[in-house]
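Peer 1: As they're listed, the protein sequences go chains A and B. Residue 583, in our numbering, is where the first sequence stops; the numbers in between run on with no holes. Residue 583, in our numbering, is where the second sequence stops; the numbers in between run on with no holes.
Source of the hints: derived by calculation from the structure; they are not laboratory data. Accuracy of the hints is not assured; some may be wrong.
Where chains are identical, the list cannot tell them apart; a pair therefore holds if satisfied intra-copy or between any two copies.
[As the list claims (entries may be wrong)] Below, in silico cross-link-like pairs of lysine to aspartate or glutamate (DMTMM-like), each with a Cα-Cα straight-line distance of 20 Å or less:
(1) Lys500 x Asp187
(2) Lys468 x Asp388
(3) Lys378 x Glu498
(4) Lys468 x Asp148
(5) Lys468 x Asp564
(6) Lys378 x Asp443
Spelled out from the first residue to the last, the chains are:
There are 2 protein chains.
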Amino acid sequence: MRHYSESALLTDLYELTMLQAYFSRGMDDTAVFEFFVRQLPPGRNFLMAAGLAQVVDYLTELLFDHDDLAWLSASGRFDPEFIASLIDFRFSGDVDALPEGTVFFADEPVIRITAPLREAQFIESRVMNLLHYQTLVASKAARSVIAAQGRQLVDFGLRRAHGAEAAVLSARASYIAGFDGSATTLAAPLFEIPVFGTMAHSFVQAYEYETDAFAAFAQAFPHNATLLIDTYDTEAAAQQVVRLQQWLQEEERDIQLKAVRIDSGDLDALARQVRQILDAGDCGGIGIFASGNLDEYALQALLQNGAPIDGFGVGTRMNTSSDAPYLDCAYKLVEYAGQARRKRSPGKATWPGCKQVFRHYDAHGVMCGDTLALQHDEIKGEALLQPVIRGSMLLTPSSPLSQVRAHARAQIASLPPALRGLDAAPPYPVAVSHTLQQLAQQVDEHQRAMAEADHAHWGADLG
Amino acid sequence: MRHYSESALLTDLYELTMLQAYFSRGMDDTAVFEFFVRQLPPGRNFLMAAGLAQVVDYLTELLFDHDDLAWLSASGRFDPEFIASLIDFRFSGDVDALPEGTVFFADEPVIRITAPLREAQFIESRVMNLLHYQTLVASKAARSVIAAQGRQLVDFGLRRAHGAEAAVLSARASYIAGFDGSATTLAAPLFEIPVFGTMAHSFVQAYEYETDAFAAFAQAFPHNATLLIDTYDTEAAAQQVVRLQQWLQEEERDIQLKAVRIDSGDLDALARQVRQILDAGDCGGIGIFASGNLDEYALQALLQNGAPIDGFGVGTRMNTSSDAPYLDCAYKLVEYAGQARRKRSPGKATWPGCKQVFRHYDAHGVMCGDTLALQHDEIKGEALLQPVIRGSMLLTPSSPLSQVRAHARAQIASLPPALRGLDAAPPYPVAVSHTLQQLAQQVDEHQRAMAEADHAHWGADLG
Numbered sequence: 121m122r123h124y125s126e127s128a129l130l131t132d133l134y135e136l137t138m139l140q141a142y143f144s145r146g147m148d149d150t151a152v153f154e155f156f157v158r159q160l161p162p163g164r165n166f167l168m169a170a171g172l173a174q175v176v177d178y179l180t181e182l183l184f185d186h187d188d189l190a191w192l193s194a195s196g197r198f199d200p201e202f203i204a205s206l207i208d209f210r211f212s213g214d215v216d217a218l219p220e221g222t223v224f225f226a227d228e229p230v231i232r233i234t235a236p237l238r239e240a241q242f243i244e245s246r247v248m249n250l251l252h253y254q255t256l257v258a259s260k261a262a263r264s265v266i267a268a269q270g271r272q273l274v275d276f277g278l279r280r281a282h283g284a285e286a287a288v289l290s291a292r293a294s295y296i297a298g299f300d301g302s303a304t305t306l307a308a309p310l311f312e313i314p315v316f317g318t319m320a321h322s323f324v325q326a327y328e329y330e331t332d333a334f335a336a337f338a339q340a341f342p343h344n345a346t347l348l349i350d351t352y353d354t355e356a357a358a359q360q361v362v363r364l365q366q367w368l369q370e371e372e373r374d375i376q377l378k379a380v381r382i383d384s385g386d387l388d389a390l391a392r393q394v395r396q397i398l399d400a401g402d403c404g405g406i407g408i409f410a411s412g413n414l415d416e417y418a419l420q421a422l423l424q425n426g427a428p429i430d431g432f433g434v435g436t437r438m439n440t441s442s443d444a445p446y447l448d449c450a451y452k453l454v455e456y457a458g459q460a461r462r463k464r465s466p467g468k469a470t471w472p473g474c475k476q477v478f479r480h481y482d483a484h485g486v487m488c489g490d491t492l493a494l495q496h497d498e499i500k501g502e503a504l505l506q507p508v509i510r511g512s513m514l515l516t517p518s519s520p521l522s523q524v525r526a527h528a529r530a531q532i533a534s535l536p537p538a539l540r541g542l543d544a545a546p547p548y549p550v551a552v553s554h555t556l557q558q559l560a561q562q563v564d565e566h567q568r569a570m571a572e573a574d575h576a577h578w579g580a581d582l583g
Numbered sequence: 121m122r123h124y125s126e127s128a129l130l131t132d133l134y135e136l137t138m139l140q141a142y143f144s145r146g147m148d149d150t151a152v153f154e155f156f157v158r159q160l161p162p163g164r165n166f167l168m169a170a171g172l173a174q175v176v177d178y179l180t181e182l183l184f185d186h187d188d189l190a191w192l193s194a195s196g197r198f199d200p201e202f203i204a205s206l207i208d209f210r211f212s213g214d215v216d217a218l219p220e221g222t223v224f225f226a227d228e229p230v231i232r233i234t235a236p237l238r239e240a241q242f243i244e245s246r247v248m249n250l251l252h253y254q255t256l257v258a259s260k261a262a263r264s265v266i267a268a269q270g271r272q273l274v275d276f277g278l279r280r281a282h283g284a285e286a287a288v289l290s291a292r293a294s295y296i297a298g299f300d301g302s303a304t305t306l307a308a309p310l311f312e313i314p315v316f317g318t319m320a321h322s323f324v325q326a327y328e329y330e331t332d333a334f335a336a337f338a339q340a341f342p343h344n345a346t347l348l349i350d351t352y353d354t355e356a357a358a359q360q361v362v363r364l365q366q367w368l369q370e371e372e373r374d375i376q377l378k379a380v381r382i383d384s385g386d387l388d389a390l391a392r393q394v395r396q397i398l399d400a401g402d403c404g405g406i407g408i409f410a411s412g413n414l415d416e417y418a419l420q421a422l423l424q425n426g427a428p429i430d431g432f433g434v435g436t437r438m439n440t441s442s443d444a445p446y447l448d449c450a451y452k453l454v455e456y457a458g459q460a461r462r463k464r465s466p467g468k469a470t471w472p473g474c475k476q477v478f479r480h481y482d483a484h485g486v487m488c489g490d491t492l493a494l495q496h497d498e499i500k501g502e503a504l505l506q507p508v509i510r511g512s513m514l515l516t517p518s519s520p521l522s523q524v525r526a527h528a529r530a531q532i533a534s535l536p537p538a539l540r541g542l543d544a545a546p547p548y549p550v551a552v553s554h555t556l557q558q559l560a561q562q563v564d565e566h567q568r569a570m571a572e573a574d575h576a577h578w579g580a581d582l583g
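Just chain A, with the same shape it has in the complex (with noise of 0.2 Å):
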C-alpha cells in the first residue's frame, strides 16, 4: 500500500472538481502551464530552484490507485464515469524546467507543463507543493552559504521543520544550496546527504559528572567526538574539556576529541574564551562548533567580528525560511488549445503564452540580466529552462546532488556582488521581449473582445 503522501488525492479537492466538468464537457486540449514567483520577498535578492527531482517522481507516478477511486465513489461527489476516467489517468505530457540549483528572478517560470488540459491542470497543487518549499529552503540556505564563507554548515532543523517531509527535503534543498551536511539521519540513505550528530544537552545532565558524559561519548566515539560543552558553565567544560583531552592521551592514545558545541549565551565571546582556554592547553586541534538559533545575519555577524568559529548548525530559521516562511508563487495556465491565456486578476495579472529565460553575462562571466521572452523568440543568451520529460519519457534522469551542487556554486560565483549580499540590492534586471509584451497586449485586447461577446451572447440566450 502507498503511503498517503504518494497517494493521488494529495491535491486539492478544486483540482478533481474541475476535472469532473471538463470531463463532462470532453475539454481536453493541449495546455500550457507555468509556475513562477510573482515577486521576491523583501530583502532577498535572489531564488534558487530545487525540487525539480521530487516533481520528476510525482508525475512519473502518478496514479489513482484502487483507494483513491474508492473513496471518490463513496464520497458521492464525482459521477462514476468522471471516476472510471481516472482509473487510466496518467501524465503523459512535456516538462521543461530550470535544472535545480539554478537562480532565478521574479516571474521567470522555474517549471512549464505541457499536457492535456486535465493532466496539466489535476497537477497543480502538488507540483507548487513540492517545488515551493524546496525553492523556498534552497534560497534562504544559499544565503547562509554566502554568510559562512566556507565554514561548515550542518542542518540542525528537524525538530522545528514542518512535518517528516519538510524535514529531510530541507536537507536536501540545503545541501544543494552548499551545506556540508545534515544532522537527520534519514538524509543519508535518502539522499545520500553527510550527516553529523553529537549530543543533547540532556546527555550531559544524566551523568553526575559532566567530565564524566564527555569522557563515555569520546570513548564511544574515539575519532569523532564534538562535546556540547555549554550544559552548566561553557569556561569551566572547556577548561574540563583540555584536562580530558590530555588524560586520553596519556590513559588512551587512540582518542582524538574532534570539537566543542556551544549552542548558547553570546557565542562570539564565548568562542573566543574556549578558542583561548583550548589554544592554552595545547588543544589547539579541537574545533569549535556554534549552534543556537543561528540564520545568516548571526554568521555574517560572527564572522565578520572575528570569532574563532570553524562550523555552525543552522536549524529552524533556515528550515522554515523564517523570514520569508512562504513565496509568492503561482502556478498558471499561459496557453490552451494554442491560443495564449493570462489572468488579468488587480495585482496578479501574468504574463502569457509558452516562455523562456535568456540570461545574459558580462565579459567575466558575471550574470548581467535576464530577458523573459517568448519560448521561439530568437535572443541571445543562456537558455535556461531546459527540456526535462517529454511525452511522458524522462530525457535525463535527475541529476547526482554532487553535480546540483556544483551547478549551485557556480550559479551563486556568477552573481552580481550586491546581490550575494544579505541586505536588499537593487533589483536584478529582468527585461521583458518586445514580442512577448506585444502578445499580451493582444491577449487583453482579446479578451475584452470576448468579455463583450459574453455578455451579448448569455444575455441573447436570455432574451
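Starting from the known structure of chain A, fit chain B onto it as the hints suggest.
Peer 2: Chain B only, in chain A's frame:
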C-alpha cells in the same frame, strides 16, 4: 515496506550517537523528559496543544526495521553490539499530556515522557517535530476562528504548506482549532475532515466565455457550485452570475448556484458591490466567499468593517504560521534515576522535576491563572496533564476529532476576553509552586557541588 516518514531513522543522528554511548556504559535508568514552549511568539496570547494522536502512533509503532538496521551497519559509525540491541528497541514507557485542543502557556509541559533513558532520549526529534508543527498551526488557526465570528473557514494551504505532511497535519490542526474543513482532499480519507473545492482561474481561462465556464461548472455540480469571479472583472462577472442563475432556473430547474468566490483586489469593496448586484438580481441565496493571502488580521478588519462575506479560505499564512513560523520549544530532561535535573544555559534554564499544571477558574468559568507545580504537589485546580500511555499500553484511544474540536471550542470560550484579542494582552498569570522553586534551588546547589567535585575528581585522575 514502510514509507520513510515511518522510519526510525527520521531522527537526529545525535540521538543514535548518544544511545550508543549510553549502551556502552549500560546506562538505562528511568528518565523523565518534558516538552514545553519557552516563550510565546510576539503578539500571541495563548497556544493550543495539538499533535498528540500522531505522537502516540509514533511511539506505539516505533521500531528499527531491516532497512534501518542495514543502514546503521553500513554507515560504519556504530558498534555491532549496539546495533543488535536496537532489534528489540520499542517504546515501553509512560506518557502524560495535555489533551489536544487544550490552551497552554510558556513553560507548561505539553507532554511528559517517562521511560528508560535510551527510549526517552531517542524519541526526542520526531516527538518534537510532530508536536511542534500541529501546535504551531492550531495556535495560529484558533486566532482566525476567533476573528471569523462564526463565518465558514476553510484551510486552503496545501500548495504552500512545507511538504506533504505539513499539508495534511495543518488540515487536521486547523480543524481541531475550529475550521470547518479543508481544501486538501486527503484530509477526508485520512481524518474524516469535510473537504471543500471550487475552481481555479485557469478553469475560467480555459473557456472562451467566462460565463460558459460558470455554466459548465454549475451543470457539473448542480447543488454545490461556487464560481470564481475575479479572473477578469469582478463586477461584470457578478452580473453574469445573476443572468446565469436566472437562465438556470428557467432552463434547468434543479440547478442552484451556491456561492461566488473573490480571490484578489479590495475584498471589502468588491464584496459589497457583488452583494448588491446579487441581491438586486434576486440572488440573495448566493453567498460570498473570500480568499487570497488572508489571515486573522485581514478577517478581523473585513468583518469589523461590515464586509458582507460569508466564508473565508485561509491558506498559506495559517499553514506556515507566517508571522511566527516556529515556536521556541524544547524537550528537556527533568529527572534521571530519581534525581531532578535542570539545564542552566543562559536564557535557556528549565524547571526540574516531574511537573503538572493546575488551572484555576473564576466563578463564571473563566480561566484566571495556572500554577506550574510538581506532579504530586497538593494544589487545588484542574490538573491539565492526563495519563495517555502506561508501560506501552494506550489507556484511551485518541479522541475522535469531533470531541477534540468541542474541547478546543470550550477552551477558547473560557479564555479571559483580553486573551482572545489579536493584539498582545498582559500575559496570563502562571505561578510557580513553592515546592518547585525549592527543588530548582536544590538542584542548582547540587549541580554546583557536583561541578566542584568534577574538577577535583578529574583533577585527581589527571594528577
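Peer 1: Can you tell me if lysine 468 and aspartate 148 fall within 20 Å by alpha carbon in one copy, between copies, both or neither?
Peer 2: neither (26 Å within a copy, 59 Å between copies)
Peer 1: At 20 Å max between alpha carbons, let me know whether lysine 500 reaches aspartate 187 within a copy, between copies, both or neither.
Peer 2: Classified as neither: same-chain Cα gap 50 Å, cross-chain 50 Å, threshold 20 Å.
Peer 1: Please work out whether the CA atoms of lysine 468 and aspartate 388 approach to 20 Å or closer within one copy, between two copies, in both situations, or in neither?
Peer 2: between (45 Å within a copy, 18 Å between copies)
Peer 1: Measure nothing new, just compare the shortest in-copy and cross-copy C-alpha distances for lysine 378 and aspartate 443 to 20 Å and report within, between, both or neither.
Peer 2: neither (33 Å within a copy, 39 Å between copies)
Peer 1: Taking 20 Å as the upper bound on the Cα-Cα distance, should lysine 378 and glutamate 498 be classified as within, between, both, or neither?
Peer 2: neither (56 Å within a copy, 48 Å between copies)
Peer 1: Between the shortest in-copy and the shortest cross-copy C-alpha distance, which are at most 20 Å for lysine 468 and aspartate 564: within, between, both, or neither?
Peer 2: within (14 Å within a copy, 58 Å between copies)
The earlier numbered hints that this structure contradicts are 1, 3, 4, 6.
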